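Line by line, the protein sequences give chains L and G.
When you read off a place in the first sequence, starting at 1, and then add 1, the result is the number in the numbering used here.
When you read off a place in the second sequence, starting at 1, and then add 1, the result is the number in the numbering used here.
Just so you know, these hints were derived from the structure itself, not from any lab.
These numbers come from a predicted model, not from an experiment.
Where hints are given, some of them may not hold.
Copies of one chain are not kept apart here, so a pair can be met inside one copy or by any two copies together.
Unchecked claim - Listed next, the in silico DSSO-like pairs over lysine-lysine satisfying Cα-Cα at most 27 Å (straight line):
1. LYS121 - LYS54
2. LYS167 - LYS24
3. LYS13 - LYS54
4. LYS24 - LYS102
5. LYS59 - LYS190
6. LYS54 - LYS167
7. LYS13 - LYS24
8. LYS121 - LYS162
9. LYS138 - LYS167
10. LYS54 - LYS24
11. LYS59 - LYS167
12. LYS138 - LYS54
Protein chains: 2
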Amino acid sequence: MAFPEILQRVIKNLASLPGLGEKSATRLALYLLSRPPEEITELAHSLLEMRRKLRLCKRCFNLATEDFCTICLDPERDAELICVVEDPAALSAIERAGVYKGLYHVLHGVLSPRDGLGPKELHLPELLARVQQENIKEVVLALSPTVSGEATSAYIVQYLKEIPVKITRLACGIPMGMDVRYADQMTLKRAIEARQNL
Amino acid sequence: MAFPEILQRVIKNLASLPGLGEKSATRLALYLLSRPPEEITELAHSLLEMRRKLRLCKRCFNLATEDFCTICLDPERDAELICVVEDPAALSAIERAGVYKGLYHVLHGVLSPRDGLGPKELHLPELLARVQQENIKEVVLALSPTVSGEATSAYIVQYLKEIPVKITRLACGIPMGMDVRYADQMTLKRAIEARQNL
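Working from the sequences, and respecting the hints, build out all of it.
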């Protein structure tokens with residue numbers, strides 16, 4: 002290999018990230034070297050600061066820079082609603098939609114015994130405690146309608162079944178803008194079953 | 002945006018890299034947060050060390066950690082041959098081929114007046130000086146056979162025309178494993194003109 006060792010180390014680190022192979026990692030490292038040195042410093046320092054500052058909200062496990070996240074601390078949010086999401090990216094997607102004003106509970110995964118992800122790792126005991134103690138009226142399950150997401154949703158319904166709380170899930174149907182002819186069978190089946198009055 | 006400010010800063014920095022948009026940058030940042038914190042530290046520190054340690058070889062402008070690069074310092078290399086390449090990635094590709102044993106001259110670009118890349122920025126005066134002073138027998142132009150690469154090669158031939166040195170270029174033809182039926186016209190034209198005896 003004709004590259005200096007430190008460059009090879011950067012390439013190896015970048016290539017370990019998802020979606021980057023050795024070729025794209027090499028391209029990124031050489032691109033960074035071709036830029037003003039301040040840009041490398043800024044990237045590296047922002048990574049270190051992210052590592053140092055970010056933690057999980059003690060109540061909902063969303064990303065936070067204090068004990069509680071900005072959503073949990075916001076008095077404007079409807080504290081009787083909890084939306085259960087797989088991870089912070091799903092939370093962010095729902096926030097961008099701009100219509101949900103309740104709180105969240107972030108699982109950081111879905112049930113996967115193979116990966117050691119059971120109810121405890123997904124913070125389900127904490128969800129149960131919140132529903133019991135926080136005067137929650139409704140739990141909105143917003144997990145993806147995939148095999149593992151559906152299994153996790155079904156498990157949570159069982160997990161909370163002793164508690165008198167309303168449990169709902171995101172509507173499943175044809176996505177906006179999609180041609181009905183190209184929708185898959187399962188999606189169409191759900192969309193027909195859950196057809197809405199006009 | 003539901004993400005803490007420091008996470009948004011990391012995403013912005015990652016999204017400024019070539020080939021990464023906001024979505025993939027968000028995925029990378031959240032992936033890093035899901036990993037052991039040592040991995041973020043290692044990535045950031047390797048970037049800073051790369052920035053601190055790497056410089057350009059004073060002779061050939063290859064990447065180096067000392068005044069001269071490992072290739073220029075290697076007494077086994079044939080010091081009468083200079084291969085002109087566009088950048089360190091091209092140099093690395095030629096090294097991997099394992100057949101070239103001479104020295105290099107790294108342009109860090111091709112001629113592009115629009116981007117302010119003229120002969121000086123491409124270290125052509127230094128190339129001229131090397132050919133005059135270093136007892137060079139042959140200059141191998143290894144620029145890509147693209148419009149800008151060809152223009153730069155033609156310019157270098159002119160630039161060195163007063164010097165009695167042999168100038169060659171990489172052979173142009175059908176790449177190994179390629180179906181002749183799918184080769185483009187220009188490549189086929191070159192391959193026919195440069196056909197080799199068997």
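Subject >> LYS138 and LYS167: within-copy, between-copy, both or neither at 27 Å Cα >> reply: For LYS138 and LYS167, the Cα distance is within 27 Å only inside one copy (6 Å; across copies 84 Å).
Subject >> Homo-oligomer pair classification [LYS167, LYS59; C-alpha up to 27 Å] >> reply: Only inside one copy: LYS59 and LYS167 sit 24 Å apart there, 72 Å across copies, limit 27 Å.
Original post:
Using 27 Å as the alpha-carbon threshold, which applies to LYS59 and LYS190: within, between, both, or neither?
Top reply: Classified as neither: same-chain Cα gap 40 Å, cross-chain 68 Å, threshold 27 Å.
Subject >> Up to 27 Å CA-CA - LYS54 versus LYS13, copy category >> reply: both (26 Å within a copy, 17 Å between copies)
Subject >> LYS167 and LYS24: within-copy, between-copy, both or neither at 27 Å Cα >> reply: neither (50 Å within a copy, 34 Å between copies)
Original post:
Between LYS121 and LYS54, at a C-alpha cutoff of 27 Å, which is it: within one copy, between copies, both, or neither?
Top reply: within (25 Å within a copy, 45 Å between copies)
Original post:
Within a copy, between copies, both or neither: where do LYS54 and LYS24 come within 27 Å Cα-Cα?
Top reply: between (32 Å within a copy, 22 Å between copies)
Subject >> Up to 27 Å CA-CA - LYS102 versus LYS24, copy category >> reply: Between copies, since 24 Å is at most 27 Å while 43 Å is not.
Original post:
Under a CA distance limit of 27 Å, which applies to LYS138 and LYS54: within one copy, between copies, both, or neither?
Top reply: Close neither inside one copy (33 Å) nor across copies (59 Å); limit 27 Å.
Original post:
Using 27 Å as the alpha-carbon threshold, which applies to LYS121 and LYS162: within, between, both, or neither?
Top reply: The answer is within: 17 Å in one copy meets 27 Å, while 75 Å across copies does not.
**OP:** Could you figure out if LYS13 and LYS24 sit no more than 27 Å apart (CA to CA) within one copy, between two copies, both or neither?
**Re:** For LYS13 and LYS24, both the intra-copy (10 Å) and inter-copy (22 Å) Cα distances are at most 27 Å.
Original post:
Is it within a copy, between copies, both, or neither that the alpha carbon of LYS54 lies no farther than 27 Å from that of LYS167?
Top reply: Classified as neither: same-chain Cα gap 36 Å, cross-chain 60 Å, threshold 27 Å.
In summary, the structure is inconsistent with hints 2, 5, 6, 12 from the numbered list given earlier, while agreeing with the others.
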